[in-house]
Amino acid sequence: CLPSLLGILSSRARTALACHGALSEVGWELSDLFLIARILAFGTAEEKKTKPLPLVILMLIHHALGLLMVIPMNLNFPDF
1 CLPSLLGILS SRARTALACH GALSEVGWEL SDLFLIARIL AFGTAEEKKT
51 KPLPLVILML IHHALGLLMV IPMNLNFPDF
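Under our numbering, the first residue of the sequence shown carries the number 1, and numbering increases by one thereafter.
FYI, nobody ran anything at the bench for these hints, they're computed from the structure. Treat the hints with caution; some may be incorrect.
As the list claims (entries may be wrong) - Simulated pairs of lysine to aspartate or glutamate, DMTMM-like, Cα-Cα distance not exceeding 20 Å: (1) K51 / D32; (2) K49 / E25; (3) K49 / D32; (4) K48 / D32.
Stated by the list, open to error - Simulated restraints on C-beta separations: (5) E47 / L6: 23 to 29 Å; (6) P3 / H62: 39 to 45 Å; (7) L9 / N76: 41 to 47 Å; (8) L40 / L6: 39 to 45 Å; (9) A13 / L35: 30 to 36 Å; (10) F77 / E46: 29 to 35 Å; (11) T50 / L2: 47 to 53 Å; (12) S24 / L58: 19 to 25 Å; (13) G43 / N74: 30 to 36 Å; (14) A37 / L2: 29 to 35 Å; (15) R12 / K49: 25 to 31 Å; (16) R12 / T50: 28 to 34 Å; (17) I61 / S24: 17 to 23 Å.
Here a beta-carbon is modelled for each residue, glycine too, at the ideal position from N, C-alpha and C.
Modelling step: build the complete structure from the supplied sequences, incorporating the hints.
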């Protein structure tokens, strides 16, 4: 978050922006997970070619890590 890097807002405002930005990322992660699941379950052969198994596994790991970091951060962030 640019305000955190530059220190231009109060600590509380920077924390709120970082938490909201992280929650926005969680929304994107969930959206992408649902898209991958839809393609794997109901997609055409051409769509399934865009999601090879190694990529799907990598994306599942990536999305799981994002979810596992953001939710606890928002619940327990010390400055907010």
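Can you name, in rising order, the numbers of the hints this structure does not satisfy?
Of the numbered hints given earlier, those the structure breaks are 2, 5, 6, 7, 10, 11, 15, 16, listed in rising order.
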